[in-house]
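Undergrad: The listed protein sequences derive, respectively, from chains V and W.
This note's numbering puts the first residue of the first sequence at 1, with every later residue one more than the last.
This note's numbering puts the first residue of the second sequence at 1, with every later residue one more than the last.
Derived by calculation from the structure, the hints in this document are not laboratory data.
Here the structure is a predicted model, which means the values were calculated and not measured.
Where a beta carbon is used, it is the ideal one built from N, C-alpha and C, also for glycine.
Careful: at least some of the hints might be erroneous.
Here chain V is said to cover these stretches of chain W; the calculated rule only asks that three of the stretch's residues, wherever they fall, bring their Cβ under 8 Å from a Cβ of chain V [stated by the list, open to error]: (1) 3-15; (2) 30-39; (3) 44-52.
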Amino acid sequence: MYGGGYVPVGAEEPKAAIENPELLAQFEARIARGEKIEPRDWMPAAYRKQLIRMIEQHAHSEIIGSLPEGTWITRAPGFRRKLALMAKVQDEVGHAQLLYSAAETLGKSREDMINDLINGKSKYSNVFNYPAETWADVAVIGFLIDAAAIVNQVANSKGSYGPYCRALERICYEESFHLKQGHSVFVWLATGTSMQRDMLQQALNRWWEPIMHFFGPSDKMSQHTETLMRWKVKMATNDVMRQQFLNMYVPKIWELGLSLPDPQLRKDESTGQWLFTEPNWDTFFKVINGDGPCNRERLAVRKVAEERGAWVRAALSRADARYVTPLA
Amino acid sequence: MPILSLDPRVNRLQAEQVSDDQGPVLAAGDHWPSYQVFHQRRRGEKHSSVGIVHAPSSEMAMALAKEQYGRRGETSNLWVVCSADVLEMDYADEDVFRTTPSKSYRDPAGYKVNEKIDAFKAKNQG
Ligand SMILES: [Fe+2]
Ligand SMILES: [Fe+2]
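Isolated chain W (complex conformation) (with noise of 0.2 Å):
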């Protein structure tokens, strides 16, 4: 017997209650793959990552990201990246990067000359 319901749309379906021992309904890979969405707020403001959908091709990924991603607020341009396409650094060698911010030879900070040209300048004065 159809489910019975107060929505005259869910009666329309005529739909079946659902049995105690139903079975899988999808099938792995039914839901499609999924695409990296990137937004561009305004023209001159760089990409960022913010999210993904599920689909079968880049066109309607893009589709679907500005139903997703683009829905309010201002947006001037999406990129959709395969998820299979996008190599990824292990976490685990994060500490590759661990020293980088004490490399003060790569810094402007780790310049500094007035201390010198101050006492140069005592010293040749006197």
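If we strip away everything but chain V, and leave its shape as in the complex, we get (with noise of 0.2 Å):
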């Protein structure tokens, strides 16, 4: 799951103009065609640049996003509920593992991927900072986080770098998968008890500003694009994906009774586009610059999983191992 090739504030338009105009028109008309750019192909420093920094933090963002789930596998309400969360989390450690391999194909290792996440240099999905507080917030990522997270990697898999493209595939049908027992586990709660109902209206009215956050600052906001896209490393601007996810999502948690904490969200028939209060970007920035509630927790974490578990790798590994860059 993952949310926006968040571009920083700041971040300049990529200059393609100073590289080598005859490859660059190859380049580009390779892409315009529909064709895929395959590792060792060349490509502009901007393009590599800005994929490895999309592709490692939506991977960042898979690995970091297990942990607030990972929170209730011991405490789920019974056991087929925890074998589909124990299965849901494993798949999202893997979606990270399909990512790092295929940002490693750009030429940056893992371990160097990872120790950026670890100081903070490398960012992933702002609404991993938040607390699983009570299982009906399992309810709410398993349905609605990795709703969006679909939205934005059934985008990104068009794209027009083959191993992304071809990681993001298995990984979609995988979601599938995540987006329904979310769905399932959402619906139980939805249908239950009156105080069942609660818990989820409670974890929904504190989800809902993190999940308007999800797919970055609104487009009159954000930085350029344009060269972006017409490589298409970004294949959506991030509001035309949240109007996507509040027309497929809405409904579905209004048709439960249940509510938003916002009262001018609705649709606008004459135009088909939603109607909302814009999210406070004050909140998201600061929580994506280090001061969201779990960030200096899920960093602790992952630190502590690297270290402890040094010498288990050491005792694995040899000596005549050699590293080369991953075909694909």
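Taking the hints as your guide, dock the two standalone chains into a single complex.
TA: In structure tokens form, the structure reads like this:
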């Protein structure tokens, strides 16, 4: 799961002009024809850089995203729910592995990516800096965060970089199970006792702002993305994806008699666009820059996992092992 | 002071907050080399490339590949090959194959004789 190829404020429009114009023309023509770029093809430095940033952030989001849900594995209500949650969390860690390898083909090692995750240089999706307080949070994450991630991932799977598309194809297939099992937990609570409904309503209220933040700042505020869209790195704008998500999922929340904490939220039937209160973007920037409720915990846990697992990896390592960039 | 969490498992870790000047936790090679994984769904079908795993040896790569690429759907067999042992053609050489699809003399479709036969028959009947 993942939100938005987050382009930081102040990022410059990639400067393609200074590169080899002939190779650049061939590269752009290939993308325009709908062909994929493969790892050892010539590519503009800005394309490589942005793809590494994006796929790496996506990988971090998967591995960090497994933490809030992982909290509830030992306390899942019943054996089947526990099996489903274990399977889902395992998938998310698997997604991280697939994505790290896609990013590796662009020349950054997995070790460097994880180092940059832990030292805070590299970001991950902001939603995972919030805690899963109750079992109903697991329902909201599994249903709505995964749904939002699917909107984003389906768009990205049609991008131009071959290894990323291949990883996303497998990921999207597994995400459909995440969405279904999340929706099942969600519906069970929504159609349960008044206490269960209440718990779900409160979780929805807590998660609505992070969900509205998920696709990143409004297009009005974000940086130029024309080049990234022409290169099929970014496939849809933040606002387009947010609208798609609202259109698909708000009705599924409302049909269960639940409410969302935004009195302005409604579909304008004349334009087909959803209207909503602009979420607080200062909060978004504060959290992404390290000051959310769980940022410190997430990074500390990741660091402990790497450090305390080191002796196992060292014991299994072989002196003659040789690293090469994976093929695809 | 260790991190305080809602999650009792995290509290048991006694994990400290990552410092602002955190250096690299991992050195190059700590996560092992990579292996390419080939998956066969059913007997009789071909093995297809499905992705990679990081592993210290082919035995470990196989164990991890079962977990990563065989955890749902059907699997009858897996192969793992160390990425360093694969020789890859250069994409820049792709053009050596550009004319291959037009080599009709290698194709059954390149040999059409019916017109000749029909013409022969028509002439000899007349
Ligand atoms: Fe995922
Ligand atoms: Fe997921």
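Undergrad: If a hint holds in the structure, say so; if it doesn't, say that too.
TA: Each hint tested on the structure:
1. 3-15: Holds: 8 residues of the stretch 3-15 of chain W have a Cβ under 8 Å from chain V.
2. 30-39: With 6 residues closer than 8 Å to chain V, the stretch 30-39 of chain W meets the three-residue bar; holds.
3. 44-52: holds (count 4)
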